[in-house]
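Asks: For the sequence shown, position 122 matches number 122 in UniProt numbering, and the numbering has no gaps at all.
These aren't lab readings, by the way, just hints derived from the structure by calculation. Note that the structure is predicted; figures quoted are calculated from it, not measured. Check the hints yourself; a few may be wrong.
Stated by the list, open to error - Each computed BS3-like pair below joins lysine-lysine, with the alpha-carbon atoms no more than 30 Å apart:
1) Lys72 - Lys30
2) Lys4 - Lys49
3) Lys4 - Lys30
4) Lys44 - Lys30
5) Lys3 - Lys72
6) Lys44 - Lys4
7) Lys4 - Lys72
8) Lys49 - Lys72
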Amino acid sequence: MNKKVTRLIFFGAAAYALFAFLVISFYPDKPENMDWQDREEYNKVQITKLRLGATREEVLARLGSPDITEAKMDRSTSIQVMFYRTQHVRADGLTTQDECTPLLFENDQLIAWGEGAYQSYLKS
């Protein structure tokens, strides 16, 4: 009887490990499927992995759609700012710019990110 119990525990643990492996392997975490708290943490981690010069498409593939976006054309230069939520400020059910990290693009190339870069952009 003792061998049967041990064998059942072993097979149960193996089945659980296989199930967990399959879920992790075949069910990717997508930003659009996350709740706002998980999305904030995900955005923080992914923004740290960005590199200057990345294309807008690369950033969208990594982070998904932005929470807020702005764009303007300045002569022949297109400027776009995409805001991704990275911190919780108030519980009002809305995502505002002060709860986001701005990413600045010039001609679809990432040129800067962060509040300081956004404030410099606004002054220029």
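Asks: Honestly, which of those hints from before does the structure not fit?
Replies: Going through the list in order, the structure violates hints 2, 3, 5, 6 and 7 and respects the others.
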